[in-house]
Every structure is written in C-alpha cells, then in structure tokens.
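Q: Okay, here's what each chain looks like letter by letter:
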Amino acid sequence: MSNVPADLRYLKSHEWARLEADGTIAVGISDHAQQALGDLVFVEAPEAGRRVSAGEACAVVESVKAASDVYSPVSGEIVAGNADLGGQPELINSDPYGAGWIMRIRPDDKAQFAALLDAKAYEAALAADTH
Amino acid sequence: MGLRTALYDTHVAARARMVDFGGWDMPVNFGSQIEEHHAVRRDAGMFDVSHMCVVDLRGAKVREFLRRLLANDVAKLGKPGKALYSCMLRENGGVIDDLIVYFLTEEWFRMVVNAGTRDKDLEWIRAHAGAFGVSVEPRFDLAMVAVQGPNARQRAAVTLEPSLAAAALALEPFYGHAGAGHWFVARTGYTGEDGWEIMLPIGEAADFWQRLKVAGLVQCGLGARDTLRLEAGMNLYGNDMDETVSPLESGLGWTVAWEPQGRDFIGRSALVAQKTSGARRKLVGLLIEDRAVLRSHQKVVVPAVGEGEVTSGTFSPTLERSIGLARVPAKTGERCEVEIRGRFFQARVVRPPFVRNGKAVAAI
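For the record, the sequence lines run as chains G and D.
The working numbering puts the first residue of the first sequence at 1, with every later residue one more than the last.
The working numbering puts the first residue of the second sequence at 1001, with every later residue one more than the last.
Everything labelled a hint here was simulated from the structure, so no lab data went into it.
Treat the hints with caution; some may be incorrect.
[Said to hold, decoys possible] Between beta-carbon pairs, the in silico distance windows are:
1. D/R1356 <-> G/G55: 43 to 51 Å
2. G/A6 <-> D/P1329: 50 to 58 Å
3. G/S2 <-> D/E1307: 35 to 43 Å
4. G/G55 <-> D/R1291: 42 to 50 Å
5. D/P1303 <-> G/D22: 46 to 54 Å
6. G/E47 <-> D/F1140: 34 to 42 Å
Where a beta carbon is used, it is the ideal one built from N, C-alpha and C, also for glycine.
In isolation and in its complexed conformation, chain G is listed as follows (with noise of 0.2 Å):
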C-alpha cells in the first residue's frame, strides 16, 4: 500500500537513494518505514564534510514510537543534512521522497548507487517482510 517510487534505488533497511544531477546521492527513509515508525518528532541529520561507510549509522529519526537509526547507502562524504528538518521533522511524514531528505553524500564509487535495491526488489522485500 506503500509508494514505492520506479526512480529511486533503495536498502532492505527502509532508505531511499536519488543520484542527483550534480552527482551526489540524496537520502532519506521510504514511505513505508514512515508509516511505519508513525509520527516523526526529532531527527538528527549528519553534519557536512563527515565520512561515512556504506552500511553506517548516520543519522537517527525518532518518531512518537520509536527511534531508529538511518543508514547510508554508499561510502563516500556528506555534502548537506537537511536542516529543515530540525524544526519540522514531519516533513519525513509529509513528503518522504521530497522535502524529508534527510542527508546528501557525494559517493567514493558510483558503481555502489549501481548495485543498490531497484524500486521491484524493494517491493519484493517488502512484501516478503510482511507474510
């Protein structure tokens, strides 16, 4: 019942990824994970110029619920967290693939953007997560 956008690449664990036209990669959280967390009330974006791992906590979102910790979908540098978001998490609820990104990273290594999850192989996932 989730949106499940066919442009974007994405992670077993519930994030989104977008290479953007200057060639870094947005991300955020799917819709299904923020219907599935509820309510979003704080999130903790990563600062600019931190080096992450592909497979790395970086940011969290906590949600009336629950936390839960965001991972990156590539190595490679934060370039932006979205700052927006520190006074109105709720736009991860509102908008998920839009004005709720959470961080952008310009990636080491394209080819790790490549070999993420596409939109039917998330949907599988899923689909399988929930029988």
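Add chain D to chain G, keeping to what the hints say.
A: Just chain D, lined up with the frame of chain G:
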C-alpha cells in the same frame, strides 16, 4: 492472529494500523497519532477499549468480599454508581492488576480489569470469591468505547437513547449508570480529560461507533491513548507496575486504604512491613529538555544515590518534549541522568501529572 473486538472489521475498513496489544489486534492509530492526541485534548476523541474485561460480581456478601480482595476500600462507596480505583495484590504486596470497581447495588458490583491480565485476574478473583458466595461473571457480551475530551460528552450525548443521555449527562465525575438493554455509561477515562466510558452489547458496537463518528468524535488508537495517559500521570499495568513491585513503589500509595486498621485486605501485612521499614524505591515523573525521547527500560543514574529504570516514556505532544515515569531509589532528589542510545541526558524529577485539563501543569 490475535483476539478481535467487535469493532475489528470497522477499524480495518477505516485503514487503522493494527498492532498486538496484550494478545488483542488493536488499532494503534488511524493516521497521525499526534493529531488524535490533540483531538482529545482540544475537542473530542473516541477509543475502542473493548479488549478490557468487564466483570460482574454478585452476591449478598459482595461488598465484604471486595473489602478483602482490594487494597482500596469499597466501604468508601456510599452512593450507587460510585467508582473506585484500586490495586489487587498478592499476599506479598505485588500488584496483580489495577482496576476500577463500580458499586451498583448491595448485591452487584462491576469491575473493569486490564486485557493482558484478564485470565490470571479471573482465576484469582474466583479463588477468593467462593468463600463469600459471590458469583464472578466476565461480560464477554459487552463492548466498550471511551469518548474523551472537553467536548466529548456533549458530542456523544446525541448518539445515546434520550433517557440514557439524560442520565449520563447528569453523572458526577467517577460515577456510572446502568441503563436499559445492558448499556452502561460512566464518567471515567484514561486520558486526563472529561468524558465517558460506555459499555454496550457487542452487536450494537459497530453502529454506535458510526454514530459517534457522525457526531464529530475523532477515532483514536492506542498510541494516542498511551501519550494521553502518560501526560495525565496515569500508570500502565505491565510497564509501571507488576507483581514484582508494590503500590508503594509505584506511585500508588494513595490508593491503599490503611484505615480502618482492622480491614484485612490481601497484601496488607506485606505493605505494612514495607511502609514501616520504608520503601526502597519510588515511581517519579521525568522530564528532559534535550531532543531525545525517554523509553521504557532505559537506565536511570542518580549520582551518589543509585540506579533506576524508565518504566514508561514518550514524546508529549502537548509539551512538545519527552516525558516519562521511572522507578528510582527512594532518596532520589530533583535531578537524575538517563542513558539514551549510549549517551547520558539530564532529567528533572517531577511529580505527575504533566498535563491537566489540556494545559501543562504549572510546575512543569
């Protein structure tokens, strides 16, 4: 698959997010939990609480029986309809459950107990009822809906049969009224707001829920119920107390009726011993200013005093910061630290409630 209330299909059709709660498949929210919370604080919300168990106790000696069974004293219940909150204890003072009991007639009292403890409660009650000739009848034929919020009674009144509505609107706080056709309305709740808890035959529940919706009550899930009760400083059985702790260690000393001294309720001698030597732990409210959220089982450190544990924690939608309850050493003062995701955060120790009648309590 868990147990289902009479409103299960209604909730699924309304696209509620369903979760397991004490063995029941219950709605945790119908969309935004925070919006549901605010609806109750500002206007009127409704909850399906049919998972809770209504138990009718009947017999000539039912009052005498309850004076033995419960730590609070039903001798306080003078006027028919009056309700009392109490713990039911083991001999060692451990809390079997917390409950509400209504005095309806000298031969009929009604109890409402928690869903997750239902079976052991019934077993315990029956084990002691026989000696008093009291019959114990769980009312699986009844559903229960709570309507809560400053406008809840006015909005819900139009959905009730007129004579029941008149009787319900005339109820003082903490009184119940048994109407015709097994309907029962009580001015009680678990949110810190005015409202009713309404029991009715399960076959009429879906239709009643629909009428409430039309009357403008916002459907709310157990998620909002939890943030509302925690803001109101109310304990949740299984989180804030259980059989390993006494009411004195759970912020519930006020519910224990010590007088008259001759009343031999179950658990009394253990509580007296604990009171005499002084309880080692107490339940307190916690507040943190930082952008972090208290959650149950987080470690509490009280420098130079000892350690404790968060028993309930959440983000308070009314205060827009985190609140919680914690069991800490009795000597804990006004400050402590809570370990949240590997870091220590300063917390203020406060006396619940955090929110009353829709507003932050002054000292908070």
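Q: If a hint holds in the structure, say so; if it doesn't, say that too.
A: Hint-by-hint comparison with the structure:
1. D/R1356 <-> G/G55: 43 to 51 Å: For G/G55 against D/R1356, whose Cβ atoms are near 47 Å apart, the range 43 to 51 Å holds.
2. G/A6 <-> D/P1329: 50 to 58 Å: The hint (50 to 58 Å, Cβ to Cβ) holds, given that G/A6 and D/P1329 are roughly 57 Å apart.
3. G/S2 <-> D/E1307: 35 to 43 Å: Holds - the Cβ-Cβ distance for G/S2 and D/E1307, about 41 Å, lies within 35 to 43 Å.
4. G/G55 <-> D/R1291: 42 to 50 Å: Cβ of G/G55 to Cβ of D/R1291: about 25 Å, so the range 42 to 50 Å is violated.
5. D/P1303 <-> G/D22: 46 to 54 Å: 50 Å, holds
6. G/E47 <-> D/F1140: 34 to 42 Å: 57 Å, violated
Hints 4, 6 from the earlier list are contradicted by this structure; the remaining hints agree with it.
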